[in-house]
Structure formats: C-alpha cells, structure tokens
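Novice: Residue strings, one per chain:
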Amino acid sequence: MQSPFRRGSYAGAIALPSPGLPNSRSARRLPPLTPCRENVNGDVVHGASIFAPAGAPADAIQTLSLFVLAITGIIFVIVGGLMVYCLVRYRRRSDDDGREPPQVYGSNPVELAWTVVPIIIVFVLTTTAIRSTYEIQAAPPPPDSLQVRVVGHQWWWEFQYPALGVITANELHIPVSDPAHPTPTYLTLESADVAHSFWVPRLAGKTDVIPNRRNIMWLAPAQSGTYVGQCAEFCGTQHAKMLLRVVVHPADDFARWVQAQRQPAARNPGAEAGRQVFEATACVSCHAVRGTGASGTFGPDLTHLMSRETIGAGAAQNDLANLRDWVEDPNRLKPGVLMPAMQLTQPQLDQVVSYLASLR
Amino acid sequence: MGVLDRTVPAAEPVAEAPSLVTRLHGWVVTVDHKRLGIMYIVSGILFLLVAGSMATTIRLQLVVPNNHLVPPQVFNRLMTMHGTTMIFLVAIPILFGFGNYLIPLMLGARDLAFPRLNAFGFWLFLFGALLLYFSYLAGDGLSGAGSAPDVGWFAYAPLTERPFSRGSSTDYWILGIALAGIGTTATAVNLLATAASMRCRGMTLGRMPLFVWLMLTSSAQLLIALPPLTAAQVMLLLDRFLGAHFFDTQAGGSAVLWQHFFWLFGHPEVYVLVLPAFGIASEIIPVFSRKPIFGYPVMVAASVGIGLISISVWAHHMFAVGMSPAANSFFIASSFMVAVPTGIKIFNWLATMWGGKIRFTTPMLFCIAFLFQFLCAGLTGVMLAVAPFNWQLTDSYFVVAHFHYVIVGAIVFNIFAGIYYWFPKMTGRMMSERLGRWHFWLMVIGFNLTFGPQHIAGMLGMPRRIYTYEAGRGWEIWNQLSTLGALFQAAAILVFAWNAIVSLRRGAVAGNDPWDAWTLEWSTTSPPPEYNFATLPEVRSRRPLWDLKHPDDPDGPYE
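In order, the protein sequences belong to chains P and B. Start counting the first sequence at -17; every next residue gets the next number (the numbering used here). Start counting the second sequence at 2; every next residue gets the next number (the numbering used here).
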C-alpha cells in the first residue's frame, strides 16, 4: 500500500491558519492540566494530557476535540434531562387508580423530527472531522524538515537521523518549531518485530508502528521541554515498559546535541578493563558503540548511553546503581525483557558498569 | 416427533423423584429449546464469574503504580482471557440463550426449526469454551513456552506468529473460538429459520415482538461477520503450522490484513451483542411503562438499518494504522451514519415511557440504567468516530471505558434485566425484589465508579493493556476509584448469584403472567410444558395478551 502521505492538499503546511480550525493557537494556549514533576536533570517532565497540547498537530486536535465535546455534552444534557424528567413525571404514583394509561402507538411527524435533527448534527460533525483529518494527515513536509526514522522494537524505540548521522534510543530529540516559521519533524515509523504505536499525547495523536509497512507522522512542538509518551499498541510481555520521551530543544541547543551525538564513543583509560569485558562477551552482538568493535543492531546503540535519562525504555532512572542492577540481571527491572543476564562476576560487573558510565 | 413419543403411562403409580443421574442425563440428551436456552444462560453466567474474577485481579494489580501482585506474563493472560471470555463465552451464549428460550414461545411455536442442530450448537460452544480454558493446562506445548493465550482478545498479527508466540497458547485461542463460533453459527441459522417458518397463525412479520426482530437482525449479522474471523483464524493456523505467510511480516505478509479481517468481524460483533440487548429493553420498557412500544415500524427499520450500516464501519478501529485520509473519511462518515438509527431507538424508548405509569421493578431499573449508560456510550462513540480525536483516544483507557459502557453498561445491564424479567417464566418462581434492588444499586454505583474514571485516565495518556505504570503521571487516583468500583461490582454479582440460588428454591410462586405482560410467552404456564402450548395460539395484533385482557379495546385497529 502506498504511503498515506500525499502532497498538495495541505494549505500552508503548519504556518497558515485554516479558516475553520486554526492550526496555530500559541497565543491562546491553555496551561498544562496535569501534574508536573522534576526529573534528574532539573527539566520538567510534564504529564501527558491530550488537553495540554504543546504544539501542532496536538493543538488542532484539541480544538476539534473541544468542539466535539461541546456538541456531545449538549446532547447529553438535553436527552439525559428529558429522561430524568420523564422518569419523575410519569412514575406510577402511590394513589394510582390501577387503570392503564392512554395507549399511544407512535407518531410519524415526531419520528421524522428526531431523525432529521440527528442527521444534521451528524453531517456537521462528519464534514468537520474529515476536513481536520486531511489537514493533519495530508500535510506535505517542507523541503528542509528534519527527518527521523523511528524503529519500534520489543520493547524499546530506536531513533535514526539519516541526514545527521545520529542513532539513539528511547529519547527522541527534536528542535522546537516556531509557529510563525514552522520547522516540523517528520517521523517515518517502522517496526523490527510486532505492531507498536507511537504516542506522545501532548505533541500528536498516535500512529501505529507496523512491521513491513512505513507510516509517517509529524511533530511541530511550539514549546521546548521533555514530553512523555509510550507504546500504545499491545506488543507483548513488556508493552507496559516501552516508554518514550521527546526532548524538544531550542534550535541552537538542538545543534549542540547533534554535535555531541555525532562524536564516536569517548575513550576513558580508566574504563579499559570494562571495555575489554564488554567486547569479549555477547554484549557486542546486540549493542553498538561507535568507534569500537561493538556493532550489534538488535539492542539500543550505547555510544552515548549516559546522555539518556532512563534505561530499559523508561524502566528505571539511568544512574549507576540501576545500571549495575540492569546489567547483572535485566529481568529484575523489566521481567520478560529480551536482554539476557550475562552471568558476569562481581568484579567484571563493576568494570562493565564503569565502562558504560564512561559513554557520555 | 409424534404424540407417541411423549405419552406418559398415566395408569402407573407416580414413581419417586428421578435420581440425579437420570435428571442430568435428561439435560445432556435434551433437544428442548427451553432447556438448551437455560444451559446457554447458566454456562454464560458461570463464565461471567470466571472472567469477572480475572477483571477484579486486573483492577487489583493496577490499584497502585509499580504493583507486583501479578507478573506481566500473567497479567497479559488475564486480560486476554478476560476479553475473549466475556465476548465469546459470556455475552454471546447468554443472549443467544435468551433467543433460544424465548423465540419459539414468543412466536407461538413448539420448538426451534432444527432442535437437534440446536443441541449440536450448544455442545460445540461448550467444548470450544472448555478447549480454550484447557490451554491453562496444555498451552505450554512442546517448546515449554506459553500457558493460556496472552496476545490480547483481538490477537493482532504478527504477535500471534510463531516467532513471537511460541508454545500452543495461540492455537488454543484459535481453535476454541473457531469451534464456539461454529456452534453460534448453527444457532443463528436456527433462529432465522424458526422466525421464517414456525410463526403461529396471525403472527405476521409486522407483529413479531421487537425482541424477535432484533435477534433476527443479530443472527443475520453474525452469519456475515463470523466467516471473516474464522477464515483469518484458519490462515493464522496455516501460518503457524504449514509455513504460510498471510500475516507473517518477516516473510512479506501483512499485519494490517489481520486487522481488517478481525474488525470486519469485530465491529458487527458489537452489534450482534447489543441488538439482542436492545430487544430485551424493547420488551421490558413497554410492560413497566404500561404502554406499547412507541413507533414499532420505525424501531424495526432502525434495527435493520443498524444491522446493515454496521457492516461498513469496521476500520474506525484502525484510524491509527496509517490508512489514507480518503479511507479514513469513509469510515468517519459510515460510523456517524450508524449514530442516527441508534439515536432514533433511544428516542423511541423515551417516548414509550413518556405518558406512561412507570413501575420501578428490578428489571425496569436495569433498563433505565441501560438508557443512561448507553447514552454515554453512544456519545463517547461519536467522539471516537472523529478520526483526529480518535488518534488521541484509541488504545487508551478512554476506549476501555467506552466499550465497557457498551458491553457492561448496555449489554450486561440488559442481560440482568432479562434475567429478572424472565426468571419467573423459566423457573416458576420470582426473584427477590429486595435482593434485586441491592444488586441493582451496587451494580450501578460500581459500574460507573469503575469505568467513569477510566475516561479521564485515558485522556491523561494512560494506554490500555499495561500491567503497571510509573508514579507521578497523574493516573493514580483514577485507577484507585476504578478498583474501588470493581469491588462494588463484584459484591453486586455475588448478591445476584445468591438471589438466583435462593429464589430458585424459595422464591414466591410466579404464576403464568406475574408482570401483567402482553407477549405470548406469558400465556403459558411457568415453566412452560415441553410442548410450550397445549393448543397453538392465534394472534391478531402485536400484543396478543392485551387483546385477551381488553376484549373491548384490542390493539389491532391501531396498528
């Protein structure tokens, strides 16, 4: 099947507000509705409410959602109110005379009325929904947009930046997109094994990540920060711990991040022993560390492991204690994970952890 | 079946009560639609208890973040078996059990068109169900991986393919469901044939009770919807055993193809379940409002309309798989279209109550709660039909909340209404109204407390089918409320089970027509004799018993 992504029908990409459903609403954005907490680096990790959008297309979806909620809310109040009224008004009274009430069999004009009114409501909602679908789904990428290839794995995310020569995992870094001069990021979604779904509620709706298929979605966050999300399609034992973070940087910060990520792995003489253990065990058949002999692709690229906030796709904070625990037996933090315990001795474990800790 | 088959040698002295073995043997070999109907309903209720305990365990696991009550593998089996059981082994058998029991009685017939096929269908269903549960013992297979199925009730490929699902658990899922499906198909054919050919004199199609109309629509839909599932299951078996590549993405197969097949079954299936539930409400609401159903022809048309339109809405379960905007637009439009006849039905039930004298008996209470909860379910369904909104809501707890409002809030509530309403007919004894009210209030509070907060958890970004979650995402309180509600529901179900058992032995004697109702089943004894009617009735309107009770003011001229 061809890509769902078509050129030509999207008015003004992300920049131009469309007449019906404005895309850029930075001026009227609501404050976040969900609790926030501090993460280890002092950044704020926000909640993941769909009603706290941080940019396109989540804000357009929110506008549409509020419209739909308003209409359905009005219907609920009217119909629910009629039901309550009917139950109270027509309950059988204690002084009932035992006679049957008037037998009414139906009324064509009434039936017609409550057929036509719903048809009108449905027509409005349908056209609105279709229009919004095209606006979001058929937006062609601007020529200079950042392209990221997202590969879903059981149970972690791989992010490849082909034009930048960067490969990382579980934490997607993208530049902020000024609504006036949008620089959206286009994601090509693929899966290495089973179906997953990419969902970061404050940035966009979800798009499934399906093997033997290439889906496309875009993000144009207007605020920098860290946004949490996670896999939304059941993908096996550890579906619950397939979290992802999107870190949105101001443009120059993003350039610095890219520069750092392009470097080969740091060589720290103090960690040589650990590197040797690492390269002598099966670690290297799954993990890559650029600039060394490790070139596996089954697991996450570890070149800049310590630049990430979590390990095990959000299973634990990335600190030395957890890292040691993880390497000793990954099943402890993430039961069912595909990474095996390598049966290292305690000294070997210390060496490997100090090597991993040197991968900044 | 001649008269001779049934002759009881009246001259012989009455023997002592038959032994337990004789009575059990009687149930096993029976081809009586009433006994088979009761067996469907009772086995459905037993599976409800099993799958309900699974749901309670799921809720206890999720009550706090990072909980370790059950490991992830066990959780995944629980949620898979809970969903599969509730759909295939609880909702379908109970509703088709009602159809089995009631359709011949409502149509003035002595049995279904094919009594032996009926028994065959029931036993296939039961053995399919047992086969599915046998996986707990035998699902490990030769590779030692597995136990019960753990791939989710819609078993998305390629998670079900050999590399990702070793052992035999998925095979048990395929075979158990396929077998039960053949049984259900037999019943659907049987119900259609019965309504086509076994109606008593005067029972034109336009006079059939709405319950019968809705069971027929549901049966016809089932015949259309089930083959895609069975075909897909066979393809999956070929993939797993003979190296075919229908859904094997590593060899070029299509994961999306499975989703299309599954939802081509799965969405009509929702209506297969909800239409009989509508049928139950359409019988109970008029009787306890003391008025005929408002707009009978429109209700029939709306039901058939829902049946037809709902065959074309399946891919609204798949808005996030990356279909083209044009395809998404088609399914947006078709999903909205189905809202129109559904709305008409709600308005007609409301109009039936309007101007009546509403008696708040237990069956009616359940139907009233159904109306409110189905209104919620319909409106959240409208939200889900808006594709961009759906991209946020699908596969989140919002969807879990939405479909439980349909399946529990509408279908299970109407099943309870139906049980309280027809229990006197089936057993000859009334169920306790006092315990019934306890059951109702515990259930209505528990249900809304369980699933109401899940809408919010979903909008706060909580995906479905996660066995645990980290603290600080803002989901804790909603999950705690939800678990509290689940405990209320568990209590409600226990009260119900107690009520049924006690009433069976000590309930007040019901008589033929305890509710002062109007359809033919109330004209015979409770429980009815094996042959249903001593003489086959003849009807002149949609409410034959109204005509009998009000000879001066019969219905006929007004229809």
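Derived from the structure by calculation, the hints contain no laboratory data. Possibly wrong hints are sitting among the right ones.
Said to hold, decoys possible - With a cut-off of at most 20 Å between alpha-carbon atoms, the simulated EDC-like pairs for lysine to aspartate or glutamate come out as follows:
no.	chain 1	residue 1	chain 2	residue 2
1	B	Lys358	P	Asp78
2	B	Lys550	B	Asp517
3	B	Lys550	B	Glu560
4	B	Lys358	B	Asp556
5	B	Lys358	P	Asp77
6	B	Lys358	B	Asp554
7	B	Lys550	P	Glu291
8	B	Lys358	B	Glu539
9	B	Lys550	B	Asp514
10	B	Lys550	B	Glu434
11	B	Lys358	P	Glu291
12	B	Lys550	P	Glu261
13	B	Lys358	P	Asp79
14	B	Lys550	B	Glu539
Unchecked claim - A few chain B residues facing chain P, derived, Cβ under 10 Å:
no.	residue
15	Val64
16	Asn349
17	Ile369
For every residue, glycine included, the Cβ atom is placed at its ideal position computed from N, Cα and C.
Novice: Which hint numbers doesn't this structure obey?
Specialist: 7, 8, 10, 11, 12, 15
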